[in-house]
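For reference, the chains in residue letters:
Number of protein chains: 4
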Amino acid sequence: MAEGRRGALRSETARVSILRATASQFAERGWEHLSIEGIAAEAEVGKQTIYRWWRSKAALVAECLLEGLLLPEAFLPADTGDVRADLTAWIEAILRFADDPRSAALFRSLIAAAAEDEDVGVRLRDALGASSALAARLDAARSDGELAPGVSIAVVGEALVGAIILRVIVREAAPPELPRQLVDVVLGRGG
Amino acid sequence: MAEGRRGALRSETARVSILRATASQFAERGWEHLSIEGIAAEAEVGKQTIYRWWRSKAALVAECLLEGLLLPEAFLPADTGDVRADLTAWIEAILRFADDPRSAALFRSLIAAAAEDEDVGVRLRDALGASSALAARLDAARSDGELAPGVSIAVVGEALVGAIILRVIVREAAPPELPRQLVDVVLGRGG
Amino acid sequence: MAEGRRGALRSETARVSILRATASQFAERGWEHLSIEGIAAEAEVGKQTIYRWWRSKAALVAECLLEGLLLPEAFLPADTGDVRADLTAWIEAILRFADDPRSAALFRSLIAAAAEDEDVGVRLRDALGASSALAARLDAARSDGELAPGVSIAVVGEALVGAIILRVIVREAAPPELPRQLVDVVLGRGG
Amino acid sequence: MAEGRRGALRSETARVSILRATASQFAERGWEHLSIEGIAAEAEVGKQTIYRWWRSKAALVAECLLEGLLLPEAFLPADTGDVRADLTAWIEAILRFADDPRSAALFRSLIAAAAEDEDVGVRLRDALGASSALAARLDAARSDGELAPGVSIAVVGEALVGAIILRVIVREAAPPELPRQLVDVVLGRGG
DNA sequence: CACTAAACGAGACGGTACGTCGAGTCTTCAA
DNA sequence: TTGAAGACTCGACGTACCGTCTCGTTTAGTG
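Note that the protein sequences, when read in sequence, are chains Z, F, H and R.
Under the numbering used here, think of the first position of the first sequence as 1, with each following residue one higher.
Under the numbering used here, think of the first position of the second sequence as 192, with each following residue one higher.
Under the numbering used here, think of the first position of the third sequence as 383, with each following residue one higher.
Under the numbering used here, think of the first position of the fourth sequence as 574, with each following residue one higher.
Just so you know, these hints were derived from the structure itself, not from any lab.
Some hints here could point you the wrong way.
Stated by the list, open to error - Within a straight-line C-alpha distance of at most 30 Å, the following computed DSSO-like cross-link-like pairs (lysine-lysine) qualify:
1) H:K439 x F:K238
2) H:K429 x F:K238
3) R:K620 x H:K439
4) H:K439 x H:K429
5) F:K238 x R:K620
6) Z:K47 x R:K620
No experiment lies behind these values; they were computed from the predicted model shown.
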């Protein structure tokens, strides 16, 4: 039982204000100009307190993603029974978010961070719903017979998320018909 | 003409050795740890000579991409008459390249750079053949009736390239059947 | 005759505008921040034209001193027959000049330059009249019997000029009675 | 009291090795080529540690002077009861020091530094004994009736130190009789 | 009157040093 | 023992000048 732990416990206040400061600085300065020093200053915390609990700024960002401090909502596809409509709406939601310059910059920063750190990559994919939620929706679609039996559900998700990420990277504004077209591409033209 | 240009001309030697050094350092250290100082040292060039002609390290990387110093070949899809086979082979080529840890790291670094700089993003997409070459191949496929008439060619390309990029970001090894599956997803299951 | 000189002659325009620019920059920025680049820019001259004719910025300053572009007049002691009065007036003139902050700064810069370059040192001493003019005046004084026969004229001059230079270096404002006191010290208290 | 000081204290080790390196580099390279970078390298210290505690290289030199790291001894005039002999010996000591080319160069560098920075000027004057020690000796002389009552003691000191400085600036070797002559000039020919 | 050759303005080049920012580590003091 | 404050070494930033080296243009003799 509890081998006689002594001294102060980890300060939850510090932890929270560090993550908040990370999110705020990340949004403000982007991944490349994110600095531990700046985070420590904004969080009114010593640098060592950060280094004690996180191994890198990537770890901070990954935890922020996990806590939902960076992406406003967890972009979840709805299930109205109409796959095409649900997917289209889901894509539209993400693209709408990426349309605002500040959000787009944040998004790109996330991609940069993800490209440089595995954890961030996984968290980002999850946050975009590419794994569980989207897969579940597509699975439901297959059960309803709305999806061809041979195609891989995971691959469909990747193609959708990947296409969106590519748009964001290249900074090309998405035309209004893009969501519809994307759905057409991965589900086939039918409908 | 002759708008009265005076003074020594730009040194091609310096330009080339700077780009070479950039490519070498980029491959060796990655985007995040790429430094102008390191490039200048390897190129045996004054830093000012770099700052005189490029506004940032992103510009250097973009020019390297343009000159084909970073991606070994321009990943062009062949045209054997069989779209599915051609696309599958093209995807396989890219994934094979991304399979080697060093190449994968380089690839991720490129994505990070692209996420932080528009020019790099555009050049990267071009280098992956997502624009012209791939579009041309898909166009040919449509003429041959191998492609459903409604789907957008550009969007198909984006879905493919995006899916690959996502794999690389997340560091998930691609199973051998992935290329086939991706083609199935975007072209439909038929055959 | 002459060994067949060919090509354009040295441009007097360039020479003059370089020296003028040197004097202006020297007064404005001081010895330490004087730069060949700045001089070339102000003189609207290529750097090479400077390096062709002067070996260093010290040489430029020395030539400026020689041409009287830095010290407004060549502080010459008058000869009214009264050595004490003449020397006092001469010291007062120099101290008055050094009283203005800009002149004092210029003076200090000259001392710095002189300490770092022999030529500048010699020219500066000459410009202060420490050699010929002052010596001549003291010589006259000795002939008139106003100076003790044993003391070295050169040494008297050095003591006077040295004391003034020291004041300027240390930035101590000279009290009004200083000139008189200095004369007392080197000529003895008598009258 | 205890005004709540937190964080590590200033490292005395660093302070000392920086001053030592400053003195060594100053002697080796002179004032003009003295560089913060060089000092930091020799002291094995980060540049920031220098900038944190000193505002300029002049401040470093001033502190070196204060700590006696630049001028080997504090050139103090002795008091044997014979002013002329004491002053002559004191001047000889300084001139002997300035006779060695390396010392002379160091001396000139000090003058250059003093001309460009007030603090260095004051410290240099003090180090030469021109203020307290010399004044005390002259004061004693006056009490003994060896000094004319009217002359200013401070001015005598300035004349002596100034004359020496001038010699050094102009790089004129001092003849053996100079100390004697200087004393004659400021104390009168008597004796 | 061409032809050479020097001097000129402009400015690119390889470098050194600047003064600043931030990284990650270590030390001191308070709670 | 944690946490704030902050000093430490180190690496890189982007800028200013250094002194050298092309460039084309202008200016003088020389053949």
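Cross-check of the supplied hints:
1. H:K439 x F:K238: Roughly 26 Å separates the two Cα atoms, so the pair holds.
2. H:K429 x F:K238: Within the cut-off at roughly 21 Å; holds.
3. R:K620 x H:K439: The given pair, whose Cα atoms are some 29 Å apart, holds under the 30 Å limit.
4. H:K439 x H:K429: holds (12 Å)
5. F:K238 x R:K620: holds (20 Å)
6. Z:K47 x R:K620: holds (21 Å)
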